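Participant: Residue numbers (this note's numbering), protein chains in the order written: chain B, 1 to 506; chain D, 1 to 234.
It is worth saying that the hints were derived from the structure and are not from the lab. Each hint should be verified, as a subset may be incorrect.
Which stretches of chain B does chain D cover? Using the computed rule of at least three CB atoms under 8 Å from a CB of chain D, they are [what the hints assert, rightly or not]: (1) 59-67; (2) 159-171; (3) 278-292.
Straight line, CA to CA, 20 Å or less: simulated SDA-like cross-link-like pairs of lysine to any residue [to be verified]: (4) D/Lys94 - B/Ser178; (5) B/Lys101 - B/Asp126; (6) D/Lys78 - B/Thr281; (7) D/Lys94 - B/Thr179; (8) B/Lys79 - B/Asn114; (9) D/Lys78 - B/Ser332; (10) D/Lys78 - B/Gly40; (11) D/Lys94 - B/Asn177; (12) D/Lys94 - B/Asp173; (13) D/Lys78 - B/Arg331; (14) D/Lys78 - D/Arg30; (15) D/Lys94 - B/Ala184; (16) D/Lys94 - B/His183; (17) D/Lys94 - B/Pro180; (18) D/Lys78 - D/Pro25; (19) D/Lys94 - B/Leu174; (20) B/Lys79 - B/Pro67; (21) B/Lys404 - B/Val379; (22) B/Lys410 - B/Gln454; (23) D/Lys78 - B/His285; (24) B/Lys413 - B/Glu442.
Chain B is faced by these chain D residues, among others (derived, beta-carbon under 7 Å) [as the list claims (entries may be wrong)]: (25) Val39; (26) Trp190; (27) Asn211.
Note that the structure is predicted; figures quoted are calculated from it, not measured. For each residue, glycine too, the CB sits at the ideal point set by N, CA and C.
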Amino acid sequence: MSEADGLVSEPDSRVSAADGQTSEADGQVSEPDNHVGEDGEQSRLVLSAHPLQRVGAYALAYLGKAPSPERLAPDAFEKAVHRVTEDAVRAALVRDTRSDKGFWLKSSLSFFPNSKMNHLSNAKKDADTIGDAVREWRRLPKPQARPAVACVLCGRGAVGFFGKVDVPLAESDLYRNSTPRGHAGMALCRPCLCSFHALPYGCRLTGGPSIALHSWDEPFMARTLSRRVERNRRLIALGQADPRGIPAREVLALHALRHHEDRLTAGVELLVFSNNNRGQTLEIHTMEQPVAEWLRRSSRPPRRRGFPALLRAHATPDRPGVVGLARNAFRSPDRIVGACGRYLTARLDRGVIRDDTAELAELCFSLTIEVMRMNQNEVDEIRTAGAQVAAWLKAENSAGELRKLNATLKEQKQMRHWLMRRNIDALLDTRDRIKGPLVTEEQFRLLFDPEVEQSWLHRQLLVVSVVQRLHELGFKPGDRAEVAAAMADEDKEHPEDIGYMKGEES
Amino acid sequence: MTAVGPFEDEDVRAVEALEVTVTAPIVSFRNPLYAGVQVALPCPPPATVGGMLAAAAGGWDAVDPGTRFAMAFRARGKGVDLETYHPLDATGRKADPTPREREFLAGVTLTMWLVADAELWERRLRRPVWPLRLGRSQDLVGVATRRVMLRTGPGRQGHAVLPEGIAPAPGGTLLRLPTAVSLDRSRTRWDGYRFDPSGRSETPITGDRVNEAGQTVAFLPPVHPAQLAAAVGA
């Protein structure tokens, strides 16, 4: 962001915690440069265990042009804090959340309700009064006003006690259930407090509940937050909402994963929260590291060839595949296997094998090994059985037999019977078209033994591997072309899925 | 600790430990980072479990600062209910009670292993100085103890709560949990832990020990408040 575009405000001549200069407005001299302290600790960010503090710290780091919060120099920290304060002042001066430029002010109600930034009385106040009040709210407390206690998040010296007005989801300072009188809640040092003030820059803002993406993977945080802050800075300058609309909240994580180049070392959390006075809310959705890493890799080369099929497998007429995939990834990754299986077998009753079968099947098997931690030997056994069944079906060259197999999918008893019967047929076949049994004893156990915990998954994978192998063998019953042409319209991509594959964030 | 019992022939380094099983019908381990909403953690923080041990001993003064334990935790279900929240108004006026959502875990079993001072802890838990509670002050918990043998070697992750950093990385969620809280509650030491609520991860974990059932036993950092000064560079 350049200064030319008007989004960067230079420190003005008023008193700020950063500059310690004389205020032209009130003629008073502010406290000296006491925020630096003996070792500048009140101007140095530290990442704590609080996800929202971490999001805000990364936002400040990006505003200060540092690669990470710990590397944000004190001077750059002060400039970043100053910018956050001046943005708050500019929003407060809009006064009306319903005006054309009121989105940033409206968002502040979900972060800092009843603060000097958005107080109801601001409508009747002049600009200088509002500006001074907001700056005073954000100003570093004087040394004599600071409590002699440690910051609850990082252990450094606290500059005061802070409640809901400054820290989203903290207890309201109207209540004293967990704190004594005269004690507003969390003891915080200035860097941790400023991180909460900068939190909105790191969130997807909706005007209502905000969405924060968090991970313990620091490079992921740095990259994801830099993109988010960059976009929010534009929106804050304009005072307007994101014109692109709000996708399903889980999709934000998929977009972030798609743009991350390095291997993820931790999972991803989605925090959907509101600090609004009408009711504080917090939902935490967790995507574990294996599925996050699998999704990241699957949407990027060299694996990405199968990803459009994965999206199609999750698409419904009224919902893009990326939404269904993201929800499954957060809630139940094993449903991804089920979606793939249903997609691949959706046309078997008409004897049709989809063209994207091979790519999607490979993604499906990689999911079972990398995410569901299925034993590689067991996967190999299932695939071997699938190849044998496919070879038998190819030799029969019968769409009818394929339909019969498809009809057994929902009833394991029928599938067991079908396999046992065809196993004997294959063994008795004097033409010797299949070498060995269709299904071995060990494979049969993996598929149907009630003691095998994931036998249902094995059966789904068997069908996936059968279809995959048939695709490789070029299995094309007589009426395939006709049926495929009739179904062409069903494969139309959803616009949002096309956008995802192009890397566009919705 | 002497090496005795069924592992004696195969592993001379087997040790005897006290296995403590704590059961409760309903618990709720609130995430202390969010005071305005009641978000529950999927397992008890080590600091909470340490607090229960301190209650049994009669206070932290009676607990060896180096006390360590391993633990596994299992909940049969979870849910959200409404509880009546009674705000204490800062102005001193009477405030209206309000409903507030609270996440909870149901049918829980906490298993702990203590190697040092096993006999002492066995006595303390049989006759605790203070009532034993776990994550919910209105309910007492059931406690049973038994002596078990722990041997070296990898074990099943199952429902173990594991310290971060074990390689290869176990399954489950990476959590930041309070390890120790200072006596005046002004400071908290946070550490990373891995926990799989499903308990389905079969990844062999090389913890400190393994029990007779193949469950890995990984000892957590000390939870005594005295550890806090050394842990946090304040």
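Participant: Hint by hint, note whether the structure agrees.
Facilitator: Checked hints:
1. 59-67: n = 0 at 8 Å, threshold three: violated.
2. 159-171: It holds, with 4 qualifying residues against the three required.
3. 278-292: The restraint on the segment 278-292 of chain B holds, since 8 of its residues have a Cβ under 8 Å from chain D and three suffice.
4. D/Lys94 - B/Ser178: 16 Å, holds
5. B/Lys101 - B/Asp126: 18 Å, holds
6. D/Lys78 - B/Thr281: Holds, at roughly 19 Å.
7. D/Lys94 - B/Thr179: 17 Å, holds
8. B/Lys79 - B/Asn114: 26 Å, violated
9. D/Lys78 - B/Ser332: Distance ~16 Å between D/Lys78 and B/Ser332 Cα, so the pair holds.
10. D/Lys78 - B/Gly40: 46 Å, violated
11. D/Lys94 - B/Asn177: 13 Å, holds
12. D/Lys94 - B/Asp173: 15 Å, holds
13. D/Lys78 - B/Arg331: 15 Å, holds
14. D/Lys78 - D/Arg30: 13 Å, holds
15. D/Lys94 - B/Ala184: Since the Cα atoms of D/Lys94 and B/Ala184 sit roughly 19 Å apart, the hinted pair holds (cutoff 20 Å).
16. D/Lys94 - B/His183: 19 Å, holds
17. D/Lys94 - B/Pro180: 16 Å, holds
18. D/Lys78 - D/Pro25: Given that 20 Å is the threshold and the Cα spacing comes to 11 Å, the pair holds.
19. D/Lys94 - B/Leu174: 12 Å, holds
20. B/Lys79 - B/Pro67: 16 Å, holds
21. B/Lys404 - B/Val379: 24 Å, violated
22. B/Lys410 - B/Gln454: 16 Å, holds
23. D/Lys78 - B/His285: 15 Å, holds
24. B/Lys413 - B/Glu442: OK: B/Lys413 and B/Glu442 at ~18 Å, within 20 Å.
25. Val39: Since the shortest Cβ distance to chain B is 6 Å, the answer is holds.
26. Trp190: Cβ of D/Trp190 sits 4 Å from chain B, so the hint holds.
27. Asn211: 22 Å, violated
Figure legend: structure checked against the earlier numbered hints; hints not met, in rising order: 1, 8, 10, 21 and 27.
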